[in-house]
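Novice: Here are the chains, one letter per residue:
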Amino acid sequence: MNTLLDNIKTVFPNAEVWTQRKGLYHMSIPKEQLVTLVTHLKEVEGYLHLVQLTAVDWIEKNQFQLTYILNNPNKRIDVMVKTFIPRDNPTMETIHHLWEQAATYQRELREMFGIDFPGSPRVDKPFILEGWDNIPPYRRDFDTKKYAEETYFPRPGRETHDPKEYMKKKLYPDEI
Amino acid sequence: MKFSKLFKINEDRSLYPPLNSEGKVDIDLRSHKYVKLWHGPQHPGITGNMSLELTLLGDEIMDCETHVGYLHRGFEKLMERRKWIQCFPIVCRITVPEPDFNEYCFAAGVEELAGIEIPETAQWLRTLTLEMARLQSYLMWIGGQAGSLGMGIIGQWSNYCRDLVLDRFEELTGGRIYHMYIIPGGVRGLLPDGFEARMEETLKTIEEFMVDIDRVMFNNAVFKKRTVGMGYIDPKWIYQFGITGPNARAAGIPDDVRKKYPYLKYPELDFEPVVGKDSDIYTRADVRRRDLLLSVDLIRQILAKMPKDGDFKASTPNVLHWQIPAGETFIRSECTRGEFAYYIVSDGSEYPRRINVRGPSYTHAVALLEKMIINTNLADVAGLMTSLHTYPPEIER
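These protein sequences, in sequence, are chains A and B.
Using the working numbering, the letters of the first sequence correspond one by one to residues 104 to 279.
Using the working numbering, the letters of the second sequence correspond one by one to residues 39 to 435.
Hints listed in this document are in silico derivations from the structure and should not be mistaken for laboratory results.
Just to be clear, a hint being listed does not mean it is correct.
Here are the simulated lysine-lysine pairs, DSS-like style, with alpha carbons at most 30 Å apart [stated by the list, open to error]:
no., chain 1, residue 1, chain 2, residue 2
1, A, 178, B, 71
2, A, 125, B, 297
3, A, 164, B, 121
4, B, 115, A, 248
5, B, 121, A, 271
6, B, 409, A, 145
7, B, 274, A, 185
8, B, 71, A, 145
9, B, 351, A, 125
10, B, 351, A, 185
11, A, 248, A, 273
12, A, 271, B, 351
13, A, 267, B, 115
14, B, 351, A, 145
15, B, 74, A, 125
16, A, 185, B, 115
17, A, 178, B, 121
18, B, 121, A, 267
19, B, 121, A, 273
20, A, 228, B, 351
Which bits of chain B does chain A cover? Going by a derived footprint, with three or more residues having C-beta under 8 Å, they are [stated by the list, open to error]:
no., segment
21, 111-118
22, 134-146
Glycine included, every Cβ here is placed at the ideal spot set by N, Cα and C.
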């Protein structure tokens, strides 16, 4: 059996662990223990490289999923550490003390998803969007189409088609 | 010779402001000692539209902040509203110099989630396209690096060579910059007739020009004087800042995704990662030059080994109703700037739930550059930045 997953299961009984394919493991852990798990992975298990930090919006469950992808450069294994946080007033502990680039990821998550990371450097400074006063744009309930229609004006003489209907008409004209 | 004599660095720092407890300078703009200067977003020394907000004391940079957002088109959000196949022509737009890595990562992720095996010929053709993309991206970069240090002619030569590679891309895929060739399930076509001969001709021309570039740029006294010992990346920073690709390899860390996490047909090719040891601008440039020549070699190997016909696309369901099974995956590849990765989440519907792009410039251009640039000279900023090969669109996506 896999030693890493066994170790994690022993140290963090709350964590769920499973294997997707060779060299890619998943771990899911409650929000409070995430930073401890990530620190353990970095300091003890040798997962030195933070590849990615991102969020997924599960609006139907009213949750954000935070995914930390860590990599062990010696054993060549990736681990996806996941946690779920509530969508209302989302806050998460910062990990910028472990990796310098985490501050940039957290700054982007703050701007795009509205997830707060108290203590992270420059987290409240606009990163990509300047002077944005709408809801954070990468949330599922932000309607890009509505925003574009309100903000921009269509060029006259331009036709738009529903791609599904349009391709159906083009590829299978007999079926209609 | 003493380092300070060689580079004429004034060792007497008593005239400079003292550092505070955090190791930074307390900048008081009202003291009239400092100048704020915006380097970019439209500056010839910047690869793409990104700006550096510099605080200068004399010629020396005291503080720097990276500003991005000039190219934001919200690709990741756009893709959430589009069917899987409609994302295929979007992903390549994320990085202009080498769109094929986006196409590969997206296609490989979709195939993994949908459980599709792609045919042998398609794998070889994908490897070929990725190496051609690497070649032309390096050719574009070499002109930028030389240009940022005042050697405009190199850019003209290398862009001529790049155009030849784009001609080969046009033959193979129909597009010069955005190829839209690596489709989920395989590729869009086989090699055209006589492609190998024309590719060989192009590779020979590139090799001839690279000899000239080596003489004029890498043996140039001015280039050496301005780059040797400049822009040092400590090997200890590699994982602390998430540095990957040639920037890490120039520091002596042989991290190459092609070798470490073999994908496509790279295990069948004979190569070793290019590594340097001095970790300055010159070494990084040299690592990239040798990596470019390695790409030339790999393209020759691929063309010699690959089957020229056969099935090039696995059968996929009707793409208009394609529902990818729920799940998430992570696919990485080695692009010219480092580790390029896609994180794809599907909820089992016809639309992706989330696609997140990990561009290597994300770590290089913000956290790392802001640290490295402190105490360098204003004239070296463009050269230092180009030597990290940062590319803003992949930061903003």
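Novice: Against this structure, judge whether each hint is valid.
Specialist: Structure-based check of each hint:
Between residue 178/A and residue 71/B the CA atoms are separated by roughly 51 Å; this puts the pair beyond 30 Å, and the hint is violated. Distance check on the hinted pair: residue 125/A and residue 297/B sit about 16 Å apart at the alpha-carbon level, within 30 Å; holds. A C-alpha spacing of about 22 Å is found between residue 164/A and residue 121/B, which places the hinted pair at or below 30 Å, so the restraint holds. A C-alpha spacing of about 11 Å is found between residue 115/B and residue 248/A, which places the hinted pair at or below 30 Å, so the restraint holds.
Pair hint residue 121/B plus residue 271/A holds up; C-alpha atoms about 14 Å apart against a cutoff of 30 Å. Taking the CA atoms of residue 409/B and residue 145/A, the gap is near 23 Å; set against the 30 Å cutoff, the hint holds. In summary, the hint linking residue 274/B to residue 185/A is supported, as the alpha carbons are separated by about 27 Å, within the 30 Å threshold. About 43 Å separates the Cα atoms of residue 71/B and residue 145/A, which puts this hinted pair outside 30 Å; it is violated.
Using a Cα cut-off of 30 Å, the hinted pair residue 351/B and residue 125/A holds, with the two alpha carbons roughly 25 Å apart. Among the hinted pairs, residue 351/B with residue 185/A is inconsistent with the structure: their alpha-carbon atoms are about 34 Å apart, more than 30 Å. Restraint check: the Cα-Cα separation between residue 248/A and residue 273/A comes to about 25 Å, which is no more than 30 Å; the hinted pair holds. Annotation: proposed proximity of residue 271/A to residue 351/B holds, straight-line Cα distance about 22 Å (limit 30 Å).
For the hint linking residue 267/A to residue 115/B, the alpha-carbon distance of about 20 Å falls within 30 Å, and the restraint holds. Between the alpha carbons of residue 351/B and residue 145/A the distance comes to roughly 41 Å, so the proposed pair goes past 30 Å and is violated. Annotation: proposed proximity of residue 74/B to residue 125/A is violated, straight-line Cα distance about 51 Å (limit 30 Å). Among the hinted pairs, residue 185/A with residue 115/B is consistent with the structure: their alpha-carbon atoms are about 21 Å apart, no more than 30 Å.
Under the criterion of a C-alpha separation no larger than 30 Å, the hint pairing residue 178/A with residue 121/B is inconsistent with the structure, at around 36 Å. Restraint check: the Cα-Cα separation between residue 121/B and residue 267/A comes to about 9 Å, which is no more than 30 Å; the hinted pair holds. At most 30 Å may separate the alpha-carbon atoms for a hinted pair to count; residue 121/B and residue 273/A meet this at roughly 18 Å. Annotation: proposed proximity of residue 228/A to residue 351/B is violated, straight-line Cα distance about 47 Å (limit 30 Å).
Coverage of the segment 111-118 of chain B by chain A holds in this model, with 5 residues showing a Cβ closer than 8 Å to a Cβ of that chain against a need of three. Remark: the segment 134-146 of chain B is not confirmed as covered by chain A, as 0 of its residues place a Cβ nearer than 8 Å to a Cβ of that chain, below the required three.
Violation of the numbered hints given earlier is confined to hints 1, 8, 10, 14, 15, 17, 20, 22; the remaining hints are satisfied by the structure.
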